[in-house]
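Novice: Heads up: the sequence lines are chains A and B, in that order.
For the first sequence, the numbering used here begins at 1 and goes up steadily by one.
For the second sequence, the numbering used here begins at 1 and goes up steadily by one.
Rather than coming from a laboratory, the hints here were simulated on the basis of the structure.
Just to be clear, a hint being listed does not mean it is correct.
The calculated lysine-lysine pairs, modelled on DSBU-like cross-linking and capped at a C-alpha distance of 35 Å, are [what the hints assert, rightly or not]:
(1) Lys69(B) with Lys176(A)
(2) Lys83(B) with Lys19(B)
(3) Lys251(A) with Lys176(A)
(4) Lys371(B) with Lys61(A)
(5) Lys255(A) with Lys63(B)
(6) Lys63(B) with Lys78(B)
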Amino acid sequence: MFDRAAILFLYTETPLHAGSGTSLGIVDLPIQRERTTGYPMIQASGLKGCLRDVAAGDTQKVEIVFGPETQRASDHAGALSVGDARVLLFPVRSLAGVFAWVTSQNVLARFKREAEMAGLQVNWEPIGPAPTDDGTAFVANGSGVVANGRVVLEEFAFTAQENNTVADIAKWFQDKAMPQGDEYTYWRESLEKRLVILPENAFRDFVQLSTEVIARVRIDDTKKTVERGALWTEEHLPSETLLYATLFASKPRVKDDELPDDWKQANDRVEKILEFVREAVDGKRLQLGGDATVGRGIVKVRFVEGQGQAQATSGTQTGGQP
Amino acid sequence: MSFALVIQPHDVLLFRDGKPFSAGTDIRARSLFPPTPFTIQGAIRARVLFSSGVSPAAYVSGKTQEAQKLQELIGTPKDSYGKLQLWGPFLANQENDRWVRYFPLPADIVRLSGSYALLQPLKKSPWQSNLPAGLQTPWLRTPERLEEVRGWISEDELGRYLGGVAPGKVYDESEFVEREHRFGIAIERARRTVRESYLYLAEFLRLKEGVAFWVDVEGISETDLGGKTGLLQLGGEARAAYYEVQQAAPDLIPTPPNPLPDRFKVVLLTPAWFSGGWQPQGGNWGQFFYGSVRLVSAIIPRYQPIGGAYVDDRRRRGAFQKPMRRFVPAGSVYFFEHDGTASWTGRPFTETPSGEGNYGQIGFGACAIGKWNYA
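Turn these sequences into a full structure, and let the hints steer you where they fit.
Specialist: Next up, the structure:
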């Protein structure tokens with residue numbers, strides 16, 4: 001049973017294609033989405049597989065944390081449960097400032113609840129334009145994406161409304177969520193200038209319609225022209241998207257004598273599970289999703305664990321439910 | 001001690017049915033909705049076990065004092081549930097800061113030209129039928145065509161229905177949950193390609209905003225769970241859910257009248273198991289009532305097969321599958337009659353196969369009692 005949780009932030013450095021395998025639309029290979037909201041996501045099974053892969057090495061620990069191989073799956077369960085990766089900040093083309101990071105009150109409320117559950121201190125309230133107000137966007141004071149009092153994203157214009165909480169949220173993401181390291185200093189600092197909180201419908205439309213759709217072809221080796229029937233389109237999450245996934249850890253599901261020696265001694269074995277994952281992935285670059293050989297799906301990972309035991313906060317917040 | 005648990009998923013949930021799901025052949029996993037009481041009791045008892053600090057091995061052996069106390073509280077892994085008493089699970093929806101519960105639709109509700117009506121037993125059929133045990137046909141006097149209807153009704157509507165009024169609105173399952181189909185693959189580690197025969201399709205449940213599972217709990221306290229709110233591991237893939245302890249809601253479902261009306265019907269709100277299939281062996285209804293009652297008619301949709309897996313260490317390594325048993329589904333209605341005075345014993349409307357823990361204790365056979373009249 002889960003006793004502790006942590007949050008994994010995933011920042012896409014190249015477009016990411018977590019394919020859903022089914023298509024009824026215009027894109028041949030669409031990405032995975034949440035059924036109710038339509039927001040992009042990465043299914044937990046894919047993320048967990050990737051984490052397991054990166055952590056490979058100490059087979060004994062890997063099996064305790066992630067569970068045994070399929071053939072022996074019924075021996076015991078893994079001690080780690082991975083949630084779906086959800087979108088937090090999504091980049092959209094902007095008339096001023098090249099691109100903006102958009103989010104919405106729903107997304108922020110849901111994130112806040114999960115972050116607090118994982119023991120993180122969240123010092124801001126999820127805010128957003130009133131539900132009836134489809135034409136306003138919240139930005140920080142001195143935002144870099146405002147031109148003449150308007151935020152123009154793709155072909156859509158919103159009235160910019162400055163709000164102090166936006167800066168608080170940006171500051172929090174800078175400190176806690178964005179990748180660490182010098183190469184990200186510029187990006188962390190520009191977050192406040194680029195952050196836009198959109199009305200719910202506008203946010204949903206952007207994450208549904210402004211993803212990157214890449215057309216691909218296969219060339220016939222001898223003729224050097226496109227092979228017949230070999231044109232297809234793939235949908236990708238654009239680079240500079242910030243996603244997060246919640247990790248839940250429980251006590252190891254094996255007998256004490258089957259534990260590695262250094263874990264036997266530990267007072268807090270749940271902590272050991274998270275520590276194992278943190279050491280394997282924190283600050284690293286992972287490859288998620290398809291098209292690895294054409295450079296897609298590189299994400300920079302940040303592992304954030306709160307203090308103390310995981311606590312579910314009240315489920316009565318507005319929004320934020322899947 | 002009595003409270004309600006409201007259980008909300010972290011993202012998606014999977015409660016598999018008993019159909020095979022193995023590499024290369026049966027690649028599709030489907031989800032039950034709602035989960036059965038077996039699933040919910042397992043999640044709750046595991047939560048209590050992990051919050052107690054007793055190791056699973058010590059709990060199984062029951063040698064220490066703490067382990068024995070725990071066994072008294074939540075039973076042994078094999079065949080008892082200790083003091084725990086559950087009622088549900090049902091659905092709950094948050095409406096204006098209040099949780100409204102929803103129950104499976106009773107099967108005697110039919111759709112009749114755009115609205116709903118109730119089937120009732122015929123007094124004396126003018127025909128012969130092969131219905132067993134002299135049962136009467138459920139009937140509605142109308143020249144219109146009747147349609148079967150499935151879904152859920154709110155607690156207010158259920159209360160009125162028990163008084164003999166057909167509901168005004170029936171909620172479809174899709175108002176509470178979406179089924180999210182997900183393809184999955186396995187990657188061949190060395191070659192970085194998809195592993196042959198490892199493509200699968202799983203159907204997850206995504207509850208809509210504000211929708212939760214609701215279960216009434218007795219016998220344990222919120223301290224045993226580890227607090228007023230917390231995390232549960234629920235269903236397949238070890239998915240996470242949050243629970244929140246609520247004061248048990250004011251009972252909107254009327255408690256059964258005592259004594260029972262001359263003609264009363266028992267509506268199952270969760271599945272039930274009976275030794276004789278749809279009824280107790282030999283029609284022994286006496287175990288649920290004081291006084292003698294007579295079954296007049298019954299409306300029972302298709303059986304629901306429920307199996308599962310044992311998780312205790314010993315059986316899991318052998319034949320870990322539980323026997324698949326046929327249950328009478330939630331929504332089934334039994335019409336009874338009595339001539340003298342009869343009252344309900346208050347026991348859940350289910351029996352338990354020998355060698356199993358009491359089904360009634362973990363939420364099977366939850367029922368409501370209403371009245372009826374001949375058609």
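Novice: Lysine 251(A) and lysine 176(A) were given as a pair; does the straight-line alpha-carbon distance stay at or below 35 Å?
Specialist: Holds - the C-alpha atoms of lysine 176(A) and lysine 251(A) are around 26 Å apart, at most 35 Å.
Novice: Sort out whether lysine 63(B) lies within 35 Å of lysine 255(A), counting only the CA atoms.
Specialist: Satisfied, since the Cα-Cα distance of roughly 16 Å is no more than 35 Å.
Novice: Is lysine 69(B) within 35 Å of lysine 176(A), Cα to Cα?
Specialist: violated (43 Å)
Novice: Check the hint pairing lysine 371(B) with lysine 61(A) against an upper bound of 35 Å on the C-alpha distance.
Specialist: Roughly 60 Å between the alpha carbons, so the hint for lysine 371(B) and lysine 61(A) is violated.
Novice: Straight-line Cα separation of lysine 83(B) and lysine 19(B) no greater than 35 Å?
Specialist: holds (33 Å)
Novice: Hinted pair, alpha-carbon criterion (35 Å max): lysine 63(B), lysine 78(B). Please report holds or violated.
Specialist: holds (16 Å)
In summary, the numbered hints that this structure violates are 1 and 4.
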